[in-house]
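Chains A and R supply the protein sequences, listed in that same order.
So for the first sequence, our numbering puts the first residue at 49; every next one is plus one.
So for the second sequence, our numbering puts the first residue at 26; every next one is plus one.
Hints are computed from structural coordinates only; laboratory data are not their basis.
Values in this document were obtained by computation on a predicted structure and should not be read as measured data.
Where is the CB? At the ideal position from N, CA and C, for every residue including glycine.
Just to be clear, a hint being listed does not mean it is correct.
Said to hold, decoys possible - Listed next, the in silico DSBU-like pairs over lysine-lysine satisfying Cα-Cα at most 30 Å (straight line): (1) R:331 / R:312; (2) A:167 / R:145; (3) R:125 / A:248; (4) R:137 / A:248; (5) A:171 / R:47; (6) R:137 / A:167; (7) R:332 / R:344; (8) R:171 / R:138; (9) R:270 / R:303; (10) R:128 / R:47.
What the hints assert, rightly or not - Covered stretches of chain A, going by a simulated chain R footprint (3 or more residues, C-beta under 8 Å): (11) 131-141; (12) 224-231; (13) 237-245.
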Amino acid sequence: MEGLLPKLPLGSWIDVFVDWLTITFEFLFDGITVVLEGIVEGLLAGFEFIPVILMIILITALAWWLAGKGVALFTIIGLFLIDNLGYWDPMLQTLALVLTAVFITVLIGLPIGIWASQKNGVKQVVTPLLDFMQTMPAFVYLIPAIFFFSIGVVPGVVASVIFAVPPTIRLTILGIQQVPADIIEATESFGSTTSQRLIKVQLPLAMPTIMAGINQSIMLALSMVVIASMVGAPGLGAEVYRAVTQIQIGKGFEAGIAIVVIAIILDRITQKAGSRKKGRKK
Amino acid sequence: MKKMNEENSKISVRNVTKVFGKNTKKAIQLLDNGANKTDILKQTGATIGVSQATFDIRAGEIFVIMGLSGSGKSTLVRTLNRLIDPTAGEVLIDGKDITKMKKDELREVRRKKISMVFQKFALLPHRTVLENVEYGLEIQGIGEVKRKEDAVRALKLVGLAGYENQYPSQLSGGMQQRVGLARALANDTDILLMDEAFSALDPLIRKDMQDELLELQSSMAKTIVFITHDLDEALRIGDRIALMKDGSIVQIGTPEEILINPSNQYVERFVEDVDLSKILTANHVMKRAETVQIDKGPRVALEMMKKLGISSIYIVDKKKTLLGGLTAADAREAIDTGKSLQDILDQDVQTVTEDTLLTDLFEKVSQAIIPVAVIDENHRLKGILVRGAVIGALAGNNEAINILQKNENEPLNSAHTEHKEGQ
Numbered sequence: 049m050e051g052l053l054p055k056l057p058l059g060s061w062i063d064v065f066v067d068w069l070t071i072t073f074e075f076l077f078d079g080i081t082v083v084l085e086g087i088v089e090g091l092l093a094g095f096e097f098i099p100v101i102l103m104i105i106l107i108t109a110l111a112w113w114l115a116g117k118g119v120a121l122f123t124i125i126g127l128f129l130i131d132n133l134g135y136w137d138p139m140l141q142t143l144a145l146v147l148t149a150v151f152i153t154v155l156i157g158l159p160i161g162i163w164a165s166q167k168n169g170v171k172q173v174v175t176p177l178l179d180f181m182q183t184m185p186a187f188v189y190l191i192p193a194i195f196f197f198s199i200g201v202v203p204g205v206v207a208s209v210i211f212a213v214p215p216t217i218r219l220t221i222l223g224i225q226q227v228p229a230d231i232i233e234a235t236e237s238f239g240s241t242t243s244q245r246l247i248k249v250q251l252p253l254a255m256p257t258i259m260a261g262i263n264q265s266i267m268l269a270l271s272m273v274v275i276a277s278m279v280g281a282p283g284l285g286a287e288v289y290r291a292v293t294q295i296q297i298g299k300g301f302e303a304g305i306a307i308v309v310i311a312i313i314l315d316r317i318t319q320k321a322g323s324r325k326k327g328r329k330k
Numbered sequence: 026m027k028k029m030n031e032e033n034s035k036i037s038v039r040n041v042t043k044v045f046g047k048n049t050k051k052a053i054q055l056l057d058n059g060a061n062k063t064d065i066l067k068q069t070g071a072t073i074g075v076s077q078a079t080f081d082i083r084a085g086e087i088f089v090i091m092g093l094s095g096s097g098k099s100t101l102v103r104t105l106n107r108l109i110d111p112t113a114g115e116v117l118i119d120g121k122d123i124t125k126m127k128k129d130e131l132r133e134v135r136r137k138k139i140s141m142v143f144q145k146f147a148l149l150p151h152r153t154v155l156e157n158v159e160y161g162l163e164i165q166g167i168g169e170v171k172r173k174e175d176a177v178r179a180l181k182l183v184g185l186a187g188y189e190n191q192y193p194s195q196l197s198g199g200m201q202q203r204v205g206l207a208r209a210l211a212n213d214t215d216i217l218l219m220d221e222a223f224s225a226l227d228p229l230i231r232k233d234m235q236d237e238l239l240e241l242q243s244s245m246a247k248t249i250v251f252i253t254h255d256l257d258e259a260l261r262i263g264d265r266i267a268l269m270k271d272g273s274i275v276q277i278g279t280p281e282e283i284l285i286n287p288s289n290q291y292v293e294r295f296v297e298d299v300d301l302s303k304i305l306t307a308n309h310v311m312k313r314a315e316t317v318q319i320d321k322g323p324r325v326a327l328e329m330m331k332k333l334g335i336s337s338i339y340i341v342d343k344k345k346t347l348l349g350g351l352t353a354a355d356a357r358e359a360i361d362t363g364k365s366l367q368d369i370l371d372q373d374v375q376t377v378t379e380d381t382l383l384t385d386l387f388e389k390v391s392q393a394i395i396p397v398a399v400i401d402e403n404h405r406l407k408g409i410l411v412r413g414a415v416i417g418a419l420a421g422n423n424e425a426i427n428i429l430q431k432n433e434n435e436p437l438n439s440a441h442t443e444h445k446e447g448q
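Looking at chain A on its own, in the form it has when it is part of the complex (with noise of 0.2 Å):
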C-alpha cells in the first residue's frame, strides 16, 4: 500500500504552528510563566513559613471542621507519617502545584462550564474539545509545554490544568442544566434577567454538582505530579520519578504512599464540602 498515497506531513506542520506560536506569543507565554511561578512559589513560601507541626495541626482541623473526626484522625496520622519518611518538603511543593493547577482550572473551568450551558452552540463546540483533551495522552502536552514555558514547575502546572480542566467544565454544565426546568419556568415568569436566574437560582442549586467536578479535577491535576515532575517540576512526583530511574523499589514505593495521603485527604475534604452544603437544604 505504501506510496499509494504520500504520508499526511501533519508531524511538520504542528512544529511549524508551534514554532510559529512560540515565536508570536513569546511576550504572552513568558506572561503566564511570570504569573504561575510567582503563584506556586509564593503558596510554597507561605507554606514551609508555617512549623511543620502547626501545619499539621491546620489542615488536621480544617478536615475535622470540613469532614468530621474520621478524616481528621486519618490526617494527623497521614501527615506525621509523610514528616517522618522525610517527604515534608516535597510534598509541600506538590501542593503547592496542585493547588495552583486547581486555581487556574476552577478560573478557566467555571466560566466556560457556565457559558456553555447557556448556549447549546458554545456546548457543542467545547465538548468534542474535552473529549481530546482528556483522551490525547498527556505526555503528548509536555513537549510543546517545554517550549512555550521552558523547564520547572510551569509546563508542569500547564499540562496539570489541561488535563485537569475537563470535569470541572463538564460537571458546571451538568449542575446548571440539571436544575430542574419547572424552576427555571417559575424564575423565568417572575421576570429575572440572565444573570439573576444563574447568580440566584442555577448556580446555587447546581453547587453540590459543580463541586464533585473540581474535586475530579483535584485527583486528576493529583495523578499529573509524577508526569510533570519529567520536565522538571519538583515535589513527590519528582522523588517516585528518581526512584523509577534508579529502580529503588523501597524508595518509590515510599514517595507513592505519599502521594496517596494527599489524594486522601484532598479529595476527602472537598467531597464533604461539596455535599455539607447540600445537607443544609434538608
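Please arrange chain R on chain A, whose structure you already have, making use of the hints.
Using the frame of chain A, we list chain R on its own:
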C-alpha cells in the same frame, strides 16, 4: 355568549397557535386550510400544541381552561406570559400585544402584571419560605425592608405566618403550594396564572385550597387564569370555563352553560359523569308558582286551583312575600265555615333559597305535602319545586332545567332567572 367588546377584557387571545417542531410555516398553512392535528403531524412532522385559540378574559374573573393531558392547556397558558412563544397570533394584556414586546418590556410585564403558580410548586429549595416569597420583589431591586414586609403579608394571606424561616422541603405539599401562591401574590400583579396549581395535592387539601382561593379572590378581585384537568374543580371555581381538545378550544361558557348545553359530543362525554345534584340549584329546577294575594277570598283561591288543575296554591302579599300555602280541601272548608284566607293559611310551608343545591333539598321535597317554595333573601316567592321536575333535571333532561341568563353588565353572581321557553 355575546361577543365582548375589547375594552372590558383584561386578556385578549387572538388566533394564538403554537406549533412544536420544524416546518412551522407549512403547518400553519395546513391549519388555515382546515387540516387537523393528526394530518399535520403526518405531513410535516410538526405537532400542534395550540390551534387558533381566540377568547377574552374579563378583569376580575376566574377563567378556567380545562382539558385532558395533551390538550394544549398548559401550552396555552404559557403563551399568556410568553414562557412559550406562540407561533402565530397575538396576546393582548391590557390592550398591549406581548408577542411583539422586546425582552425588557416583557420582563416588566412579568414583574408587574402577571405572576404564576406552578403544578409542582417550583420553589427554590436553597431558599427559606420567606426568601422564596421575596424572590419576585428581590429581582426588581426592591429594598430589603419593603420586600420582607410584602412577603410576610402575602404569607399571612395564605395562612403561613410563622413558617418564614423553614425550607420548602420541610413543608407538606399543600403548604408548599401556599408558598407558591404567596410568592405569586407578593408581587401584587393583576393577573394570576395557575397551571394545575392544585393537581398535585390530595383531594381534601385540594378542596381546602379551592375554597381559600375563592375567599382570597372575593377580597382581591384579580384576574385568574386557572388550568385544570379536573372537571369538578373547574365547575367549583370557574366563573367561565374554556374546554380544550387537541389544542383547540371546543366550548367557552359558564359552568351551567357547559353542563346543560354541551356544544358537541366531546363536551357531552366530558360532562356526562358529573353529579348534577351537586351543581344544579333550586333556581335551575323550580317552576312558576301559582299565587293568590292575601286580600282575596277563599273562593277566588279555589277557583284558580280548579282552573289550573292543581291541588294547592301559595298565599302572598302585594310584594310577593310568601305568607303561606293553601290546599284545595282547606279552601273548601273555609268557604263552608266563612273564614278568611288569613285564618286558614298554612304557615308551615317548606322553603329553600334559590341557591340551595339539589343534593341538599331532596329530603324536604320528598316529605312536603304542598310543594316546597323557593324564596329569595327577602322572603319573596320565586318559584316552587315539583318532584317531577327535580327528578327530570337529575336525569339530565334539559326540558326540566332553567338556563340562567347572565346579564353582561351585572356582577357574575347576581344572575336573575328567566324561564326557558323550550330549546
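Going through the hints against the structure:
no. : hint          : result
1   : R:331 / R:312 : 19 Å, holds
2   : A:167 / R:145 : 26 Å, holds
3   : R:125 / A:248 : 28 Å, holds
4   : R:137 / A:248 : 20 Å, holds
5   : A:171 / R:47  : 22 Å, holds
6   : R:137 / A:167 : 28 Å, holds
7   : R:332 / R:344 : 24 Å, holds
8   : R:171 / R:138 : 19 Å, holds
9   : R:270 / R:303 : 25 Å, holds
10  : R:128 / R:47  : 24 Å, holds
11  : 131-141       : violated (count 0)
12  : 224-231       : holds (count 3)
13  : 237-245       : holds (count 6)
Violated hint for the displayed structure: number 11, the only one.
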